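Number of protein chains: 2
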Amino acid sequence: MSDNENKLWCQNKRQNCVVQPLLTDLYQITMAYAYWKSEKMNDYAVFDLFFRKNPFQGEFTIFAGLEECIKFLEKFHYSSSDIKYLKSTMPSSIDERFFEYLKDLTPKDVTIYAVEEGSVVFPRIPLLRVEGPLIMVQLLETTLLTLVNYASLMATNAARFRMAAGKNITLLEFGLRRAQGPDGGLSASKYSYIGGFDGTSNVLAGKLYNIPVGGTHAHSYITSFITLDDLREKTLAHKETGKVYDLLELAYKHRNSIAADIGALVSEASNGELAALISYAIAFPQRFLALVDTYDVERSGLLNFCAVALALNDLGYKAIGIRLDSGDLAYQSNFARDLFERIGIKYNIPWFGKLTICASNDINEETILSLNEQNHKIDCFGIGTHLVTCQRQPALGCVYKMVEINDQPRIKISHDVSKISIPGKKVAFRLYGADGCALIDLLQRSTEEIPQVKHKVLCRHPFQESKRAYVIPTRVEPLHKVYWKNGKLCQPLLTLQEIRNKVQESLRTLRNDHKRNLNPTPYKVAVSDDLYNFIHDLWLQHAPIGELS
Amino acid sequence: MSDNENKLWCQNKRQNCVVQPLLTDLYQITMAYAYWKSEKMNDYAVFDLFFRKNPFQGEFTIFAGLEECIKFLEKFHYSSSDIKYLKSTMPSSIDERFFEYLKDLTPKDVTIYAVEEGSVVFPRIPLLRVEGPLIMVQLLETTLLTLVNYASLMATNAARFRMAAGKNITLLEFGLRRAQGPDGGLSASKYSYIGGFDGTSNVLAGKLYNIPVGGTHAHSYITSFITLDDLREKTLAHKETGKVYDLLELAYKHRNSIAADIGALVSEASNGELAALISYAIAFPQRFLALVDTYDVERSGLLNFCAVALALNDLGYKAIGIRLDSGDLAYQSNFARDLFERIGIKYNIPWFGKLTICASNDINEETILSLNEQNHKIDCFGIGTHLVTCQRQPALGCVYKMVEINDQPRIKISHDVSKISIPGKKVAFRLYGADGCALIDLLQRSTEEIPQVKHKVLCRHPFQESKRAYVIPTRVEPLHKVYWKNGKLCQPLLTLQEIRNKVQESLRTLRNDHKRNLNPTPYKVAVSDDLYNFIHDLWLQHAPIGELS
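If you read the protein sequences in the order shown, they are chains V and S. Quick note: the first sequence uses the numbering used here, first residue 31, plus one each step. Quick note: the second sequence uses the numbering used here, first residue 31, plus one each step.
Hint data in this document are derived by calculation from the structure and do not stem from the laboratory. As the structure is a prediction and not an experimental result, all values here were calculated from the model. Treat the hints loosely; a few may be bogus.
Pairs involving identical chains hold if they fit within one copy or between any two copies, as the list cannot separate such chains.
To be verified - DSSO-like cross-link-like pairs, simulated, lysine-lysine; straight-line CA separation at most 27 Å:
(1) Lys117 with Lys264
(2) Lys515 with Lys105
(3) Lys133 with Lys67
(4) Lys283 with Lys67
(5) Lys269 with Lys117
(6) Lys117 with Lys348
(7) Lys273 with Lys67
(8) Lys348 with Lys67
(9) Lys67 with Lys269
(10) Lys269 with Lys114
(11) Lys67 with Lys264
(12) Lys484 with Lys554
(13) Lys67 with Lys105
(14) Lys486 with Lys497
Bound-form chain V, shown alone (with noise of 0.2 Å):
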């Protein structure tokens, strides 16, 4: 890639630049043909764009894409080639004058509510209300779905692992290569960094995004070694006096001597893992991360890393620690924290107790859970497949409904309730107790009045009439602000690091019980009285009478 093309990169750099308004399935252009054909395109349309369920068997969402989907609404313009890529693709009865009337097409009409990206969500609540002529919301219906699904289910995973970790322990994404594809992987760095991640493998995520990157070598680094013979340079200058002294030699006199701390025999440590640890060393004396579990963690692995780290240090250096790639994480990571104590203890090195630990091998939430309930001594996880892929649950499911079109409520009805949605123009609330936590989300119809602090709002379950609570909020959070109007964003954007600030911000104002990995308790989303009997007035309307015979 040239520097000029590189530069327009840079340029998008917050957005991805396939994200084009043909970035969407062709049945919205075949409707907004259709709309257009039959006079309708000005209706005026109001759309939601939900989820129906929180993934991963959990009771929260953190809702993500926002920017992503200001910014397509900033550039959505038909250009000349996708006009005529158009013509080529629909049938030749197409009024022509028709894709004149695209190429001028904007969302300068649309009107987009949303709920701030980073906030915690829950099902049912719309994260954008979508309003405007009809050809141009349902144009948009793809394209925001795909920027919403996979960022927010990718942030909502990415809070698990942080919650999992708990807050000391640092996270790195590693996913890149088990990601979908280039874009894929670059969508999994920053979503996971927004959920709670310290940082990325993905150097291009780091440059585009500006998260923090990380990484030292792989097993085939250690394995490019073959004996001490490989060694070129051994020689590094000392940090403070800048003297020059043989590092292999100093490592070689550690070994000796550590080896029965250990518990190893030097025979039996591979010279080449050694080899392969000081030529990293004299690359990054500052820097030292080594991988140890190449032939075995106790028998080779840290006994070459600690000489390494002990010959560092004799000239001034502090290493940085050791990932674990393989076996029994916690085991090891006890096994190599007790050892770098008692080094610590014995050579009177007091940072050396306190050396990282990193581990990494195929570590999902789970793995995590049961590595604390064994006491493990990891300072560090790098996630990769488990995180990007989601594979507990890979797709979130944001469905985008219309509710309202010329004043007139829509309701879809299904037979099965949790698919039924909720008709007309709505706002939503988030109901906060005395303690600053979340009680309940309450959607009512727009032209309800706002519920007040200390005051008794009734908050009735959606569809089940017999469930209802009073509620008098401490504090009422409106969850809507409008972000988009007259063809502008009309609301600052957050940074990436705002955004990062707020998942974590929202997420304590929820009760731990919601958030819990075990059997959490479901959050719940209300209706107003108003709203409910509105949605059951309308579904009986429309719901046919069955018959039985």
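With chain V held as given, fit chain S onto it using these hints.
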């Protein structure tokens, strides 16, 4: 996006711009520095890219992604902004000359052997063998894995859906909104087409890859019409005579006369739905395919659809068919087929009985197999979530292992035998039987003689001593070709269409018992006697002797 930008995009039609050298894990770059620093960068290394287990509990995999790997190599170059970013990220102690070195680094001395894209492949067979200067070969790892992993997983998943559906069913990919973001969606469209799908709903994929696109309308189209008054345009010109008729009037008349054939009451059918279908028919008189499950398939949807289809027939147009998106698809498709056939006979319209029936509700491989058992009458499936997320196994797990360095073989030892890598530079052959079916894949050392047709070849299990077989092949196919050498492509790449054909051709050589959904027979991947001994000698050399105490 301006047309200029778009042009840039189209120039890169076959490859997403984010595929660039920084789309990698940071540890590749830190390793590169350490190799450079220790003067090992030009050590001659051989890496194999392979997977250990077929996905989806199946016994075969489709190899895909090769073309994107080659395009990546062709453009491989660190831009100034890449170098600037790396400088800002890596420790300040890094020798400045390393960045100069990176600036000029290209894969010109790398040689890549690969299996042909679209081939059926099996565990342990190198999909790519990458040789050349250690530093460069290592720097390619993550990107090559990213490009092959999801592409192959997706193509395999699509091929499985194709086998489940049979060759006469139209399969459309509908997954954009549930994919891993924008490019995840594009990759899904491309590789499901390669795997045997007939098209996609993703318009941008259609434009970029020249894949057929399909789609009609959503439920929201139907619900945007509330009564017949919403129908502003009701007329359509006769296809042959050009005479203008009132389509509503004609449809209304037909609805009254066929209600009894369906066993429905006109009074129960939705007039909003009728209005929607008429408007859609006016927009697409030659491509009328209607969603019939918005209200009630039997009481409303089919009645309205048939009324409009018959009205279109009066004006010389042939309707295409219906789409079902909920409920019991086997029952409904049979109900619809039976109805279409009865109406076809009654009104003497032969094509009516053959109207297309599409289905699209959360379909996976098992759903199709179950629908087959229930003798469904569906002609076309639209498949989204389960296809693009590969729900049953969302990652393939290809790995990239060093097998030789400076002519010395490298073996990765593991307690888990399936994780032991097969050392050394290898070539692979597929041996075919007299019936044209593939019998076994055979890995040999690159120095061995090629197996001969009609000569006995001893094939051994790579790790189990007693598992051996003599094979007398009728045909011997070398599996690898050189694709990249001296800085350029040296083998014509197949077009998308050719790769798609290759998949089916390659699958045809595989016995059915290897391909079946339930308990498929594993296809054998063997090693030559020479390679067997080579592996086991090395294994014994490297495996430490355990000690029990």
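Hints versus structure:
1. Lys117 with Lys264: Result: close only across copies, 25 Å inter versus 67 Å intra.
2. Lys515 with Lys105: The answer is within: 14 Å in one copy meets 27 Å, while 41 Å across copies does not.
3. Lys133 with Lys67: Cα proximity of Lys133 and Lys67: one copy only (16 Å, versus 56 Å across).
4. Lys283 with Lys67: The answer is between: 24 Å across copies meets 27 Å, while 85 Å in one copy does not.
5. Lys269 with Lys117: Between copies, since 21 Å is at most 27 Å while 68 Å is not.
6. Lys117 with Lys348: Close across copies (22 Å), not inside one copy (65 Å); limit 27 Å.
7. Lys273 with Lys67: Between copies, since 19 Å is at most 27 Å while 82 Å is not.
8. Lys348 with Lys67: Result: close only across copies, 20 Å inter versus 72 Å intra.
9. Lys67 with Lys269: So Lys67 and Lys269 pass the 27 Å test across copies only (18 Å; inside, 76 Å).
10. Lys269 with Lys114: Between. Shortest inter-copy distance 26 Å satisfies the 27 Å Cα cut-off; intra-copy 64 Å does not.
11. Lys67 with Lys264: between (77 Å within a copy, 11 Å between copies)
12. Lys484 with Lys554: within (19 Å within a copy, 72 Å between copies)
13. Lys67 with Lys105: within (26 Å within a copy, 46 Å between copies)
14. Lys486 with Lys497: This pair counts as within: shortest intra-copy Cα distance 16 Å, inter-copy 77 Å.
When each numbered hint is compared with the structure, no violation occurs for any of them.
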